[in-house]
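J.: Given the sequences, and given the hints that come with them, work out the whole structure.
As given, the protein sequences belong to chains A and B, one line each in that order.
full-length UniProt numbering puts the first residue of the first sequence at 1, with every later residue one more than the last.
full-length UniProt numbering puts the first residue of the second sequence at 1, with every later residue one more than the last.
Treat the hints as calculated values from the structure; they're not laboratory data.
Be aware that one or more of the hints could be misleading.
In the DMTMM-like style, the derived pairs of lysine to aspartate or glutamate whose C-alpha atoms are separated by at most 25 Å in a straight line are [as the list claims (entries may be wrong)]:
1) LYS12(A) to ASP27(A)
2) LYS196(A) to GLU178(A)
3) LYS137(A) to GLU159(A)
4) LYS149(B) to ASP158(A)
5) LYS149(B) to ASP23(A)
6) LYS12(A) to GLU199(A)
7) LYS141(B) to GLU159(A)
8) LYS128(A) to ASP65(A)
9) LYS141(B) to GLU4(A)
10) LYS128(A) to ASP98(A)
11) LYS128(A) to ASP140(A)
12) LYS56(A) to GLU4(A)
Quantities reported herein were computed from a predicted structural model and do not represent experimental measurements.
The lines below spell out each chain.
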Amino acid sequence: MLTEIAINLLAKFMGGASVRWVDSQPDTTQRVYFANHTSHIDVILVWSALPAHVRKITRPVAAKDYWSQNWFRRKLARAYNALLIDRHEVKVHQSPVDVMLREIGQEHSVIIFPEGGRSDGVAIGEFKSGLYYMARKRPDLELIPVYLNNMNRVLPRDEYLPIPLLTTVTFGPPMWLERGESKVDFLARARSAVIKLGEAYREEPDHSRTGLPAPLGPTPPAGAAG
Amino acid sequence: MNQSSWALAATVVGLLGAATLIGRLLTRMHHLGLNPVAVESFNSRLRAWWTICSFMAVAFISKSLTVAMFGVVSFQALREFITLTPTRPGDHRALFWVFFFFTPLQYLLVGMDYYSVYSILIPVYAFLFIPLRVAIAGDAKRFLERVAKIQCALLVCVYCLSYAPALLYLDAPGLDDAKRARLLFFFIVITIVSEAVQFVWSRLYGRHVIAPEINAARTWEGLLGGSATTALIGMALYWATPYTELWHAALVSMLVAVMGFAGAMTMSAIKRDRGVSDFGTLVEGHGGVLDRIDAICFAAPVFYHVSKLLLVG
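T.: What follows is the structure, encoded as structure tokens:
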């Protein structure tokens, strides 16, 4: 409980995230939140962006080998009720998707990062097939795309000390597996749903006029003229 | 709080109340043909000014709490600044030092009244350290530009702003804590007033836009008329200040107006370059902290030093 509050405060402080819901609402229906993966603390950020009553039933999926390495990580994983998946012991009826579906039952939602490993934080990698199998086995689950902006600058690859920049967590409209939709099509559609949520952050300012090269990193969305 | 302090507080509430009333009227009077976006931005500034002034009341109660409060504002402004302008992974460690070492240290030193240290900590030591740390990270691409950006962020958001709470420790003959608190309050109020009157002058008589590429709303008429009006209002508030001459109050008020203008223009240039209208989205649609304190940041060190000069004599 205390750890949970502490993690939340820390996430709010370090991530300074503004949370946006685009064509969707926080809700306690069973959902799969799938997000782009850019840093170690993405899980915590998405999780703490959810309202408390939704957070209670939402379990981030994380790698068992990473999160059970030491006392601190184990404690963190327990605090945010992580669903730890063993990446190395994949057996028949024991695939990560089976484990996940068994663990969430008829109650929990999950947060997953279908890119698998962390991407470079700018481009979004191809999705692994887990999301597809989940959607096929449990067509009732709402699939919510989530886009994390700027997290790769808060804690880049190979860094362990975060800097407190402002980030955004955008939740998109729910989607489902269409009838007869192939795995490849579905995964491409899911990926483009995440990319679409991030489009607002990729508007490059006009540098042609000044003759300067394009900026070095992602740009926040342009607001109303003022 | 003594009588003058209460009187000052009452004046401020009166001024803000009047401004709020004008803002409300402007929203309603469509026939004047004012740009609704500009009116809305004036109104949202007003809301921020109410907040700033309520928080400033803390200055009369606790000096260290006030310093801490400004520290938090600096921190938030700094993260907005760095978030907006791009960095490379090679800047990460340098930024870590900026956020978690130099910023807290600056405010700690202000709170401990070590003027001789905090007045040079950032412009000398931090400015030498940052390029070194970026260089050690081993990424030479656009090195100077990246270093300059981090330094600029630290200078504007932390160093300059820290001179505002430093007013609470200003050492001059005849100053006591209540007078120092009023001096800080006076400074904040004058910054706010100067922004408001510059806006009004620009709206009513603005013909010659200074730099349309940077900020289409800032005119020469606004700057000159606004500065003169601010000087008059500063003189009207002379009784609340520790200055010994009437023209001292006028002079610092005018300087604050000009520096506030400088801050707003500089921040506009940065925002224009990045293609955004506001620094942050702390409150949806209201811009960031930095959008509200740009004038204060630029005016604070000048106000501090000129006041010190005038008061010490």
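J.: With the threshold set at 25 Å, check whether the alpha-carbon distance from LYS196(A) to GLU178(A) stays at or below it.
T.: holds (19 Å)
J.: So if I understand the rule, the pair passes when the alpha-carbon distance is 25 Å or less; does LYS141(B) with GLU4(A) pass?
T.: violated (41 Å)
J.: Holds or violated: LYS141(B) and GLU159(A), Cα atoms, limit 25 Å.
T.: This hinted pair holds, its Cα atoms lying about 19 Å apart.
J.: Is the straight-line distance between the alpha-carbon of LYS128(A) and that of ASP98(A) 25 Å or less?
T.: Since the Cα atoms of LYS128(A) and ASP98(A) sit roughly 15 Å apart, the hinted pair holds (cutoff 25 Å).
J.: Between LYS12(A) and GLU199(A), does the CA-CA distance stay at or below 25 Å?
T.: Since the Cα atoms of LYS12(A) and GLU199(A) sit roughly 24 Å apart, the hinted pair holds (cutoff 25 Å).
J.: Check the hint pairing LYS128(A) with ASP140(A) against an upper bound of 25 Å on the C-alpha distance.
T.: holds (20 Å)
J.: Decide if the proposed pair is consistent with the structure: LYS12(A) and ASP27(A), CA atoms, cutoff 25 Å inclusive.
T.: holds (21 Å)
J.: Would you mind confirming whether the straight-line C-alpha gap from LYS56(A) to GLU4(A) stays at or under 25 Å?
T.: holds (11 Å)
J.: Do the alpha carbons of LYS149(B) and ASP158(A) lie within 25 Å of each other, as the hint requires?
T.: holds (24 Å)
J.: Hint check: LYS149(B) vs ASP23(A), CA-CA at most 25 Å. Holds or violated?
T.: violated (37 Å)
J.: For the pair we were handed, LYS137(A) and GLU159(A), check the Cα-Cα distance against 25 Å.
T.: Violated. LYS137(A) to GLU159(A) sits at ~38 Å, over the 25 Å cutoff.
J.: Is the Cα-Cα distance between LYS128(A) and ASP65(A) 25 Å or less?
T.: Cα-Cα ~19 Å, so holds.
The structure fails to meet hints 3, 5, 9 from the earlier list, while all remaining hints are met.
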